[in-house]
Amino acid sequence: MRRITLWALSTLTTLVLLFSYHTSTSSKGSTVAAPVIGQAANGAAVPTPSATTPSDTSTTGSSTSGTSGSAATPTPSASASSSSSSSSSSSSSSSSSSAAKTYAGDAIGTRYGDVQVQITVKSGKITAAQVLQVPWNDNRDQEINSYAVPVLNSEVVQAQSANIDMVSGATYTSDGYIQSLQSAIDQAHL
Amino acid sequence: MSVATVPRPPVAASSEEAPRPPRRAFVEQVMGLPVSVHVRGTVQSPEVDAAVGQVWSFLHKVDGLFSTWRDDSELMRLRRGELDGAAAHPWHEEVAQLCLQAQERTGGLFAAAYPGSGGYDPTGLVKGWAVEKAAAHLGNVPGISFCVNAGGDIVAGAGRESRPTPWRVGIEDPRRPGTIAASLDLTTGGLATSGTAARGLHIGDPRTGGAVERVGSVTVWGPSLLWADVWATALFVDPVAGRAALAAHDPAYRSFVL
Chain A
1 MRRITLWALS TLTTLVLLFS YHTSTSSKGS TVAAPVIGQA ANGAAVPTPS ATTPSDTSTT
61 GSSTSGTSGS AATPTPSASA SSSSSSSSSS SSSSSSSSAA KTYAGDAIGT RYGDVQVQIT
121 VKSGKITAAQ VLQVPWNDNR DQEINSYAVP VLNSEVVQAQ SANIDMVSGA TYTSDGYIQS
181 LQSAIDQAHL
Chain B
1 MSVATVPRPP VAASSEEAPR PPRRAFVEQV MGLPVSVHVR GTVQSPEVDA AVGQVWSFLH
61 KVDGLFSTWR DDSELMRLRR GELDGAAAHP WHEEVAQLCL QAQERTGGLF AAAYPGSGGY
121 DPTGLVKGWA VEKAAAHLGN VPGISFCVNA GGDIVAGAGR ESRPTPWRVG IEDPRRPGTI
181 AASLDLTTGG LATSGTAARG LHIGDPRTGG AVERVGSVTV WGPSLLWADV WATALFVDPV
241 AGRAALAAHD PAYRSFVL
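Residue numbers (the working numbering), protein chains in the order written: chain A, 1 to 190; chain B, 1 to 258.
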C-alpha cells in the first residue's frame, strides 16, 4: 500500500486528492481531512490546512497523522500530496484569476449515516473537494485499513489534472462519499 | 448514529466560469442508488431528453424484474419457485446465459450460484448489463457524447454521427475512502470497480463458498461494461488467476488493482 501510494504520488503528475473520512486504527473517532484535488493543496477553499507530506499521506492505520484517539469531530487538513514531484498544474493555483464556484452534493445515506461533499470548481475544473458531513463510529477503521494484495498495473494511469468527470470505487462507506461527490459534480453541470 | 458536521469554509462564490463545452447532467434514483447521465455536445434537444427518459425507464424496468430487495420481483419469485422460468421475462434467460458465460470465461471466479451463495443471484452481473443496455439509448442521439455512472459502473460513448470525448474517471483509493487514487480517461466502453464493503464482506469466492477476506478494489475497463464488471469481480476474488483468465479470454480489457 505504501509503495503504491508513493509510487502514485511520485510518478503521476496529479492524482490526487480528495481525502476522506480517513479512519485510523485507533479505537474511537475518525479523522476527516479536507479532500483536495490537484496539487495546490493550500487553496483558498481549504480551511485550517495542516500540510501532510507524501509519506504521511501514504501511511495507513495507526500511524496516520492528524486527529485520532477520542476526537469525534473530524478535523480538516490539507494534503499536499503530489506537490513534491510533479510538474505544475495550472488548474489549481489559489491565485487564479477566475472565480471559483462551489457545489454541494446531496447528503447520501450510508448505513453509518449521511455523507455530504462539496466541490469547488474553477475554470471548469474541480480544484477542491471537502467533506461537509460524515458519519463516524468505532470499528470500521481496521477493516478499511486492512491490506490487500497490492498489484498495480501502471500502464493505465494517466498523469492528469484532477478534473474528474465521474467517480468509481468499491467500499461501502465510501459509497456515500462517491455518490455525494458524484452528486456535486452532477450539480456543477446541471 | 452520530454525525459530525464540518462547517463550510468561506469560499468565494461567483457565477463566472471559463467557457466549457455544453454539458448537461441528469440524475435519477434507481436500483437503489443515484444514477448519473452526463452528455456533451448538442445537449439541448428533444432527442436528448427522450433518450435520457428511456435510460431511466429501462433501469426501472430492470429493477422491477431483478431486484433482490423486492419480494415481488420476478427474480425473487423465480428463486422461490413461484414463477416458472418459461413464463418469466426473457431477460432472465439472457442474464442467466450471460452468467454461465461469465463463469466459464473467468474460470469460475465469477458465478451467479455456488455452494454457500444462498441461491441463484445474478445481481453481480445485472447492473453492468442493465446500465450498458440503458446507455445504448443515448447512442441514437445525434451530436452528443455521453457517460453514465451507476455507483461506479460507468459506460461512455457517443451518439449517432457523433465524436466520442474522453471522460475523466477518478478511481477511489479503497484504503483511504474518499481519496482518489488514480484517474484515467474513458472515451468509449465500460469501466467497473469491485471491492469489499468496509464492513460486511459482500463478495464471495465461488471456489470456496466463503467471502473474499481482504480489502481493496479492482477496476477493469474495456469495450463492454458488462464484461468489465464481471472481470472486476473475478480479479477481486483472485487477482492472479483472474488476470491470467482475462489475458486468455478478453485481452481488450485492462485492470487496475488497488
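Since the hints were made in silico from the structure, they are not lab data. Ideal placement from N, C-alpha and C gives every residue a C-beta, glycine not left out. Some hints here could point you the wrong way.
[What the hints assert, rightly or not] The calculated label-pair distances, taken between Cβ atoms and stated as ranges, are: (1) A:99 x B:139: 32 to 38 Å; (2) B:209 x A:99: 55 to 61 Å; (3) B:240 x A:99: 47 to 53 Å.
Hint check, failures only:
none
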